[in-house]
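Start from the sequences, fold in the hints, and give me the full structure.
Number of protein chains: 2
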Amino acid sequence: MINLGMASLRLYAGLVGYPSGFCARSLRTLSGMTVSQIDEEVAKLLELKVQLGGDEGRHQFTLKTAKGTRDYNPKQMAIREKVFNTIISCFKRHGAENIDTPVFELKETLTGKYGEDSKLIYDLKDQGGELLSLRYDLTVPFARYLAMNKVTNIKRYHIAKVYRRDNPAMTRGRYREFYQCDFDIAGQYDPMIPDAECLKIVHEILSELELGDFRIKVNDRRILDGMFAVCGVPDDKFRTICSTVDKLDKVSWEDVRSEMVKEKGLSEEAADQIGQYVSLQGGMDLAERLLQDAKMSQSKQACAGLTDMKQLFSYLQLFQVTDKVVFDLSLARGLDYYTGVIYEAILTQTGPVPVAAAQNGAGEKAEEGVSVGSVAGGGRYDGLVGMFDPKGRKVPCVGVSIGIERVFSIMEQKAEASAEKVRTTETQVMVASAQKNLLEERLRLTAELWNAGIKAEVMYKKNPKLLSQLQHCEDSGIPLVAILGEQELKDGVVKLRTVHSREEIDVSRDKLVEEIKRRTSDV
Amino acid sequence: MINLGMASLRLYAGLVGYPSGFCARSLRTLSGMTVSQIDEEVAKLLELKVQLGGDEGRHQFTLKTAKGTRDYNPKQMAIREKVFNTIISCFKRHGAENIDTPVFELKETLTGKYGEDSKLIYDLKDQGGELLSLRYDLTVPFARYLAMNKVTNIKRYHIAKVYRRDNPAMTRGRYREFYQCDFDIAGQYDPMIPDAECLKIVHEILSELELGDFRIKVNDRRILDGMFAVCGVPDDKFRTICSTVDKLDKVSWEDVRSEMVKEKGLSEEAADQIGQYVSLQGGMDLAERLLQDAKMSQSKQACAGLTDMKQLFSYLQLFQVTDKVVFDLSLARGLDYYTGVIYEAILTQTGPVPVAAAQNGAGEKAEEGVSVGSVAGGGRYDGLVGMFDPKGRKVPCVGVSIGIERVFSIMEQKAEASAEKVRTTETQVMVASAQKNLLEERLRLTAELWNAGIKAEVMYKKNPKLLSQLQHCEDSGIPLVAILGEQELKDGVVKLRTVHSREEIDVSRDKLVEEIKRRTSDV
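So the sequence lines, in the order shown, correspond to chains A and B.
Okay, so the first sequence: first residue is 4 according to the working numbering, each after it adds one.
Okay, so the second sequence: first residue is 4 according to the working numbering, each after it adds one.
A few of these clues could be false.
[As the list claims (entries may be wrong)] Here are the in silico distance ranges between beta carbons for each label pair:
#1 329(A) to 155(B): 44 to 54 Å
#2 253(B) to 85(A): 58 to 68 Å
#3 492(A) to 524(B): 20 to 30 Å
#4 288(A) to 437(B): 26 to 36 Å
#5 494(B) to 288(A): 34 to 44 Å
#6 455(B) to 271(A): 36 to 46 Å
#7 512(A) to 191(B): 27 to 37 Å
#8 253(B) to 118(A): 46 to 56 Å
Honestly, the hints are just simulated from the structure, not real lab data.
Built from N, CA and C at the ideal position, the CB exists for glycine as well.
Below is the structure:
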């Protein structure tokens, strides 16, 4: 009954809000509970929450989107479409197929794939039936797809939204719902050829998007693990030390070192040896030097990684992308499933402050001028598909994911800055009238144009003013106006007006479609 | 302290699993807790659950997608892309802007919008924080968007997935995750002009998709309500009788009548009078006749609806779409939010059995040969935005939603049936070699082509056989092969092979890009 006593204390702590240390202790004492008992408890509490009327203190209706999500207005969508077209045409240029998977997966499909990040997964409510979760990325569903359909080789792209219950930081384009643009090559091939193509693709996309200068850091999990081994890191500490190293792009070496030593209990010697390696950057030359390195060369793993790194750079030279690629031993990448080459692309100019910054308080102001950081990342994951295959059959995979939200933030900024305004429609011509009672004539002509494949608009008013019709063209960038009047109808012509020059000419009705197409062929 | 005492009892009940009646009583005693305290409790319990290792009773792993969902393979995606292009270009031809909204909304945003269908909404698990649900359609989020951003007029399209915990019927293309393609016009305009454009759009899209013959049924909520009134249906029974009438496209009048009388307690006389009206179909003439109808003409509402119906048909004549449109008094539409014109498009040929039928048991076999039914629907909803606006300001809206999954099923069928196979990539040329040790030359040439915007593939093998390279072209429909050999390299040429004719010519390297573009300009 001592357990129960503590339990009631725990609950009391919950009610009056005791310091968390206390609750933590009580949590341990509770560990006699089974999962189903916990579910029962949770169900009761949530039932009570519903009775209390949902989120705290909110009685009347709040008009907002869910935390960490946003709508895209037409202007943002126009920018998004441009970015996607650039990315998709690159993927297609490289012969990629396209697949799609559901937005939610069986919960168990995602279980044990993301290490510590698993806590960020959105679960669906158990409404009776399967336990479901929103996808956290596109890579695990892709691996599930390959195993389920017994696909052993494919080059595919997948552009879709993924979901993470993370702390949103809109200024850095970090949302809870965001797009990933993934390109992956699955199959048993000769070393580093597909890996090199992934880097070529990052190079092409970041160049075409004109986001300013960028760098692509490359490393290899085998080199990292080999380095950890020869520096005297115990095997069971590899992953956790790896995630500490991963922070080097955000915090100083001193901070990383002290986390290794103080928090993760690594010896000072080991930490300092790691420190010497992770400061190294270079290209093929560095790989060659490290192959000669007394310590490194002792690790088979490291040597395998370094040999492949040399091979990779030789292919990157053929692809003419070595100018942006750096072999950087401090690159670690968070996720567990990488087994070989890893890479990450960063914009090197401290980019403009993303639009959303404006909406933010002093807390976020500190972010200003800071670069948006990583815009693409990926690597080789040869073990993931095997985790899904009933017989554990492996399908080697390498891929890259473009982190598009940050790119959007920058593009939006540029759009704001630039003089020419973004069109949100592709309308070629507005069908207008100068006099009253011509609605039917306007509708008839508009239908003629639609049927001829012309993008046309007409005002939904019986008798709109000519000025307001012209104003709409100015506002939305419609280049042409087809004006109908009694006289034009008699003469079987239409007055075609060019909005920017205001010049008008009469075009015979049967030549109108042709003329509009001629004048808007560039639109 | 009594509260606390009960609390520990409640917890004890949780631990040893007392009957729920007991827990319910204890739940009331707990109601002193605030929501944040509940969140705290829940968080602790879930943390503990994670420590205990997730969901109970999960034994071995099942490799599948969630019930009612599916992956799209590359072939299906190729078909999907074609369908979307047709639909999007139609929306753009009509001057529509594009918006996007998050896949989940605050639960309360969806509450009270869908009537009985609300039970089909997917809720997210309460992991602490906001209560969220997956969107059920794109219309309610659109209305929320308009109110939230104070948009009073816009013509927009939105293509995205929506979620319904319905009984999947794959044979009829009914899934729990499926696409909607919505086009809506919001704003205060002269009657029936935007409404007519929506019907014109349905006509254009269904014609261009070549799905066979179709019909668009049109009716008006005001006509239905007026009809119910003059037939002696009590006001409080309008909506429920409406949903019974809605079943007329699936079941016989006899069944509908008996549901009205036996289940919904309508008088036999009223039912029979309704029966006479709902059997009526026609065009503008029918609207005119009903305006003269002794009973109908007594209802202001019905007259308003009938007058607008005449107006609508006059515009549809100008748009030349009356051949497919029928004024049908049996059309009711399920959803509550419609306030005026409603419509639904059906394919009139009993379509081919959708592909998925194969996967189905005898239960679904009965469906075979049955038409896929409604492929588009919509109507006017002038009150929905007001439900979100703090001041209740209304924004009149009319829109249409294309039910694309059913269209996919049919297109897939046609693709299966037709001889020519669907290409899943757009690759123009394969860079191949006839001899060994030419990998680097192949990669160099491939990069040249990529940089020139040519869609090119190369095999990820050091020494692939020429035959396997040609075979890949045959399989994936790549029209051209650029073949490198020692001799070609010496002569500074590339052997360009046309796959279908097998004819080969030497092209000088600096003319290659141009030549490939010339030959694939149609691709």
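Right, here's what the structure says about each hint:
no. : hint                         : result
1   : 329(A) to 155(B): 44 to 54 Å : holds (52 Å)
2   : 253(B) to 85(A): 58 to 68 Å  : violated (45 Å)
3   : 492(A) to 524(B): 20 to 30 Å : violated (41 Å)
4   : 288(A) to 437(B): 26 to 36 Å : holds (35 Å)
5   : 494(B) to 288(A): 34 to 44 Å : holds (36 Å)
6   : 455(B) to 271(A): 36 to 46 Å : violated (55 Å)
7   : 512(A) to 191(B): 27 to 37 Å : holds (32 Å)
8   : 253(B) to 118(A): 46 to 56 Å : holds (51 Å)
In the structure shown, a violation is registered for the earlier hints numbered 2, 3 and 6, in ascending order.
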